[in-house]
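Protein chains: 2
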Amino acid sequence: MDVEDTKYNNTKELILDAAEALLQDRGFNAFSYHHIAQQLGVKNAAIHYHFTSKTDLGTTLIRRFRQRFRDYTRTLERENAGPVSKLECYFAIPASYLQNGRKICPLGVLEAEFNAIPEPMQLESRLLDKEMRDWLAGVLDDGRSQGVFNFEGSIVDKTLVVVAALQGVLQIARVAGPQIFSVTVRQIKRELGVLEKAV
Amino acid sequence: MDVEDTKYNNTKELILDAAEALLQDRGFNAFSYHHIAQQLGVKNAAIHYHFTSKTDLGTTLIRRFRQRFRDYTRTLERENAGPVSKLECYFAIPASYLQNGRKICPLGVLEAEFNAIPEPMQLESRLLDKEMRDWLAGVLDDGRSQGVFNFEGSIVDKTLVVVAALQGVLQIARVAGPQIFSVTVRQIKRELGVLEKAV
DNA sequence: GTCTATAACGTGATAGAC
DNA sequence: GTCTATCACGTTATAGAC
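Chains as they are written, first to last, in my numbering: chain E, 1 to 199; chain C, 200 to 398.
Calculated from the structure, these hints are not laboratory results. Every value quoted in this text rests on a predicted model; they were computed, and no experiment measured them. Cβ coordinates follow ideal geometry from the N, Cα and C atoms, glycine included. Misleading hints may appear alongside valid ones.
[As the list claims (entries may be wrong)] Now the stretches of chain E that chain C is said to cover, found in silico as 3 or more residues with beta-carbon under 8 angstroms:
| id | segment |
| --- | --- |
| 1 | 11 to 21 |
| 2 | 85 to 94 |
[What the hints assert, rightly or not] Here are the simulated DSBU-like pairs of lysine-lysine, each with C-alpha atoms no more than 30 angstroms apart in a straight line:
| id | chain 1 | residue 1 | chain 2 | residue 2 |
| --- | --- | --- | --- | --- |
| 3 | E | Lys-189 | C | Lys-242 |
| 4 | E | Lys-189 | C | Lys-211 |
| 5 | E | Lys-130 | C | Lys-388 |
[Claimed, not checked] Selected chain C positions facing chain E (in silico; Cβ < 7 angstroms):
| id | residue |
| --- | --- |
| 6 | Glu-219 |
| 7 | Glu-310 |
| 8 | Met-331 |
| 9 | Val-360 |
| 10 | Gln-386 |
| 11 | Glu-390 |
| 12 | Val-393 |
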């Protein structure tokens, strides 16, 4: 049993994977232990062995999102990625959500259900939001300093618009179709002054 | 019993009001007939008399949003409101949601829970989205033609970014605080070229 | 139009065998 | 670590009295 076995192929991780997909597909209050159990071919009680409560499961899920984002940005740092490259990687996250079954941003789900989720999950949501938005603000700041971005307004203001627009458009894509996503990303890039080609 | 009585002060309308608040506060799957009944001081079955199913209630709710928006825009038309004025009125909608208990856009809620709401509600959601976005696109088009707006990109692209950003920021306000709303609106205006004062 | 009563079901959760 | 069995509860919904 090497290190890999503790990371993958164990039920706990599979439960989290299933729960994550269900969260981004239906929302926290619209999936149950039974959904997960059925998907993994186990029984209800097996999930409870790994996560004593649904609150526990939900909180762990958000912590995993946070850790994943940290790992992702650290990798970009190690590769000495520039602001433009970092921005592309940031856009790649919602893009993969959309492709992988029209999922939406986890934070969008949690915020939409915010007043109907357990407090520990609310706290974790706040942290996830802060970490992601702070990171993007840094990228925009660097890009502007280096002259590869060109946009109006303060860093904070601009970061908010970008984050909110991406979160929103993933949701709208469910009623308006997936093609609106790339359209929106194109417009966001335009307004960041990073257009590769002229319009 | 005059006309007013049929519009207000009847239980059916009060149920819709309560359901609407609950929808924008907790989401469709996180409120029940009991919540509404309790709030109105009636019993569960009374709600069922007016709305046979929760699907019925939800669908009626979205139809009411659609009707309200239609009425609102018609009023603006009757008043010969210009594009700038119309835009301000459009921003006033999410602003009132935020003020009135940190509610979020109904469409945002419905889209977040999209795969967990009844099909009739999904259909109504599509219509509401199309109607609102088409209207705003018209406003942006007029404003640009008249030279009171000044922005990059196509009307469709720009409309999407504005709508998505507003929808997103209301959600983010729940974890980041209400003050981020006006910040975002300010940035959106900046990028529409309608800033009243210099930054 | 609203009530009481109740049905039928899904849910989160626990106890105890294997 | 997973199972069966079971509990307590909330939910949508219906029947029938008032």
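Taking the hints in turn, this is what the structure says about them:
no.	hint	in the structure
1	11 to 21	violated (count 0)
2	85 to 94	violated (count 0)
3	E:Lys-189 with C:Lys-242	violated, 53 angstroms
4	E:Lys-189 with C:Lys-211	violated, 47 angstroms
5	E:Lys-130 with C:Lys-388	holds, 24 angstroms
6	Glu-219	violated, 15 angstroms
7	Glu-310	holds, 4 angstroms
8	Met-331	violated, 10 angstroms
9	Val-360	holds, 5 angstroms
10	Gln-386	holds, 4 angstroms
11	Glu-390	holds, 6 angstroms
12	Val-393	violated, 12 angstroms
Figure legend: structure checked against the earlier numbered hints; hints not met, in rising order: 1, 2, 3, 4, 6, 8, 12.
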